[in-house]
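Take the sequences, apply the hints, and build the full model.
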Amino acid sequence: MVELEKEVLPLPPRYRFRDLLLGDWQTDDRVQVEFYVNENTFKERLKLFFIKNQRSSLRVRLFDFSLKVLSCLLYIVRVLLDDPQEGSGGCWTCPKQNSSTHQNSQFNWSLIIWVNRPLPLWALQVLVALISLSETMLLVYLSYKGNVWEQVLRIPFILEMISAVPFLITVGVPSLRNLFIPVFLNCWLAKHALENMINDLHRAIQRTHSAMFNQVLILICTLVCLMFTCICGIQHLERAGNNLTLFDSLYFCIVTFSTVGFGDVTPKIWPSQLLVVIMICVALIVLPIQFEQLAFLWMERQKSGGNYSRYRAQTEKHVVLCVSCLKIDLLMDFLNEFYAHPRLQDYYVVILCPTEMDVQVRRVLQIPLWSQRVIYLQGSALKDQDLMRAKMDDAEACFILSNRFEVDRIAADHQTILRAWAVKDFAPNCPLYVQILKPENKFHVKFADHVVCEEEFKYAMLALNCVCPATSTLITLLIHTSRGQEAGPGSAELWQRMYSRCSANEVHHIRLEESKFLGEYQGKSFTYASFHAHKKYGVCLIGVRRVDNANILLNPGPCHIMSGSDTCFYINISKEENSAFIFKQQEALRGSHGPPQTIYHGLTRLPVHSIIASMGTVAIDLHDSSSGGGGGSPDSGGGGEGGNTLTLPISDPGKERRHSIAPVLELMDSVPTPSFDLLSDQSEDEAGPEDDDQQDGAATNEWVKGYPMNSPYIGSSPTLCHLLQEKVPFCCLRLDKACHHSPYEDARAYGFKNKLIIVSAESAGNGLYNFIVPLRAYYRPKKELNPIVLLLENPPEAHFLDAICWFPMVYYTVGSIDNLDSLLRCGVTFAATMVVVDEESSMIAEEDYMADAKTIVNVQTLFRLFPSLSIITELTHPANMRFMQFKAKDHYSLALSKLEKKEREKGSNLVFMFRLPFAAGKVFSVSMLDTLLYQSFVKDYMISITRLLLGLDSMPGSGFLCAMKITEEDLWIRTYGRLYQKLCSSTGDIPIGVYRTESHMLAFSESQVSISVEDCEDTREPREPILCRANHRNSTSSDQSDHPLLRRKSMQWARRLSRKGGRNVNKTTAAERISQQRMSLFRRSERQELNALVKNRMKHLGLSPSGYSEMTDQGNTLSYILINPSPETRLELNDVVYLIRPDPLSMVSSDADSRKGSVGRCDGQKFDTRDSTHL
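Following numbering that gives the first Met the number 0, the numbering of the sequence shown begins with 0 at its first residue and continues without gaps.
Hints were generated in silico from the structure; no laboratory data involved. Among the clues, some could well be false.
The list that follows gives simulated cross-link-like pairs (lysine-lysine, DSS-like), each with its CA atoms no further than 27 Å apart [unchecked claim]:
id, residue 1, residue 2
1, 326, 704
2, 781, 900
3, 1098, 752
4, 782, 752
5, 736, 1094
6, 326, 900
7, 574, 515
8, 782, 726
9, 144, 42
10, 754, 781
11, 726, 754
12, 382, 51
13, 382, 515
14, 437, 423
15, 190, 144
16, 781, 726
17, 752, 423
18, 316, 437
19, 752, 704
20, 781, 704
21, 190, 326
22, 752, 437
23, 326, 267
24, 853, 897
25, 754, 1098
26, 938, 964
Bear in mind that the values here come from a model prediction, so they are computed numbers and not experimental data.
Listed below in structure tokens is the structure:
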């Protein structure tokens, strides 16, 4: 056995498995084969060295260039050493003769043909010519591809033969050594070698070069070669004439080519004159071609934008804006918002766009304000060369925006995703700010530092507009940078001054221990700090962030104790670092001259106020103690029995005392944390039989609280919502069609207790899911939930229905907003709010601003058909807001239009802010959200705060946005500061603003203009129909009892009409009766015609017109928002106050013990979440 093992040969290091099986591996017949990348021939090896290899080819080109330059220098040396007066007669051995004996009329050709060339110089020139010719012949051999004439007839080859072959001939024929050889023509060969060398240089170092650089280099070389050729040619030919030196020839050529022509130096013989003519002709042909190519490259460079230099990228800061299509509105929004921050003034903006610069964009970028700071580069983010041009690896940030005007929004998102991936691959350390359109594509760019999904924010904002009016305007004003001077302090309208001043409020942040506003509240409760900071400094504290937690908490409630390491987020006109304080010594000096200039002068004027305020027992109205109304001591004024309003406190009728408000406690009593059932609804504990009836009529399944079972896309934030225990069948989701589960076919049959919210959209996109979630959040009481009806032009897909079938009272119908039957079937007569979403198919409009044409006209029709319906519209372009509820002869709208033009001239960031539809929150453009992404570069928390306000994210312990309405029972509070204290001491809510609606007496409206005209004219018969329409319009738009002028004009018109009818009663004929009937039809108002049309369609569809008969016009009113108003701001009836309410999950846990702990001090006040109405 041992012998057998010895006989086995070891396996070779390489063998094939087939040979191992066949046993052939033991034979030693393997041959090692070496493979070459190129052919292993002598010619291929030479070609690899001289041509293909970049580095070796560069060395060859450099050597060739040096040879040509050396030959030119040797020619100059020969000219300097040559003396034509002592030239040889005609050959190397001929005796010298004097050339001055020849007459000027007949020049000596021998001076042109023969020159004086020293022997050492001749030897050097022969050596250079031999090397140069050998190299040329070798390159011709290597470049030969079958056609020898192609190589021989090339201009460089011909020049090489002319300048090199004669020197080789003189070696064999010594008598020809003094023969003139035009060696100066080697300058053109040097130019050719320089061009090849530059190309090989950039190939060798692997860096891109500019075509403009190459073209400029070629032009300069061409000019130098022309000048050198002309100088040497003139100098040589004039050896037989004026005997010019090289300097004289240089002077003559410069004077001639510059078209100056002094005439002091001129060629004397015809050969030199002929050469000048030839060189001028060549220059006139060659130079224009070179200049044309240079101009073309310059224009292309202007289009592409050139490069952002490496030196500037290393010494200066810049950001890169990547877009697929740059529009002027997008550019101006970005520039105005980006440069609104003082610390960004020194930044450069590099725009990287694949399309050519627009004419309007080019015109704007030529303005000195932007031309020095904005650089436009035409290129693609998917090319590393273009990213290198933009110096992406040195950029401070990269903004990648999607093209929302693209017809295929999914394709636009795919392009954005690829750009984000390309930038992340090229510059991993560059912060990314990405805008995405569709929510289902958001998870592809989750690696980005900040992401804004357009449809997520859009639908959530439109949803909150239905329950918190003008939320879109509130968020837009918060995320825009404004100085609060848009309308100017001298505006005639009071609402414009207040609205403009409050619009300057923004969200800022500061560390608590570093803050002068908030530092004194360290160790106090959050509500105490928020209330007293607003009372003392006018600062609205809305949220905090712990140092050990990255999540932001909006209004964590009174249980949160402020720590010095907390980062505080507050609303104010400017950040604290830009604020100045007025000290008490200055106030004492100003006391005799006028009132103090602090925000709340009561605290700073009287030291006792500060002492009492620090103890938590002062009321907000201390500084109003001098005003009428009597004083009072603090007594109980907490939330009363009403539940939905802030009721009047119980007072003693025997005493004339003003109602007071309980103090805001510094610290909450420590309470245990009992168990809390997430599936229970606290609002149902006190619900009556009506709520049970509503719940039974709205749905057959029991409602629970939980997280949605199915999400239509990846990346949606989980939100605790009101859900059904069992999902609704898809057939029951169709509102206008009965099924075997539900016999109802219209909204009236369902018997909804609350009015509908109708959403009109082109299709059921995944973003529409974010419209439903905020309206079904767990903190909204069941009795206040509105049914949601989706009016879709295209039937929804199954996966979308599977996502919404778990939500209560959510339905859909298939129809269009421009079809009256579809509107009536979906229950528009029972709706409180109609949300009109802009259609994606409208992006195909040839004119950009016409994309909103269909939406605007449809909304105008809705407004005329259903005047009491609250319509919220989304537009593509904010400039089209002026067409909402358009009235051609409304002088007030024309005045606002002029105001908008003035603001645009001033460069305002919000030129449309005074438009009544925007101020009232009735119109919204998704392009307003672009500034949210821009502000995130300076305020990285703005996206998180906006998502919390809109309900897109829900953090444990973070509050939510809601609203309460001021009723007559709440007017005893009087001021916004007192309301702040009332809310902080009772419910723990933090108010952030007021939505105010005022009755607007239009002094120049259409109706009043027509009445005033009739008052000055005789009441002729043709004027009566117009008067009827005018009076009817006034009666429907507003109550005449509220307008004495209108009532008086109407009575005068009635008396005149009755007197006229009495005079003509005896003259009535049959023709006049027919005429009166005709005039009665003519007098029929437009409102009556529209009412009749709607009622006829409802009868035709089998619907009851009773709901429509109650719809009336809302009247001439205007609404606007006051963000963080001063504490002295008076409250008015029907004001809507925006609140950030604490998380009920954290408040309920301490609710039971807080009632017992505060009953002695607050007399029954409790931290309850039901003391105000969720609108």
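A quick look at each hint next to the structure:
no., hint, in the structure
1, 326 with 704, "violated, 46 Å"
2, 781 with 900, "violated, 46 Å"
3, 1098 with 752, "holds, 23 Å"
4, 782 with 752, "holds, 9 Å"
5, 736 with 1094, "holds, 21 Å"
6, 326 with 900, "holds, 20 Å"
7, 574 with 515, "holds, 11 Å"
8, 782 with 726, "holds, 20 Å"
9, 144 with 42, "holds, 12 Å"
10, 754 with 781, "holds, 14 Å"
11, 726 with 754, "holds, 23 Å"
12, 382 with 51, "holds, 26 Å"
13, 382 with 515, "violated, 50 Å"
14, 437 with 423, "holds, 21 Å"
15, 190 with 144, "holds, 25 Å"
16, 781 with 726, "holds, 18 Å"
17, 752 with 423, "violated, 53 Å"
18, 316 with 437, "violated, 32 Å"
19, 752 with 704, "holds, 21 Å"
20, 781 with 704, "holds, 11 Å"
21, 190 with 326, "violated, 45 Å"
22, 752 with 437, "violated, 35 Å"
23, 326 with 267, "violated, 65 Å"
24, 853 with 897, "holds, 26 Å"
25, 754 with 1098, "holds, 21 Å"
26, 938 with 964, "violated, 32 Å"
Of the hints listed earlier, those the structure fails to meet are numbers 1, 2, 13, 17, 18, 21, 22, 23, 26, in rising order.
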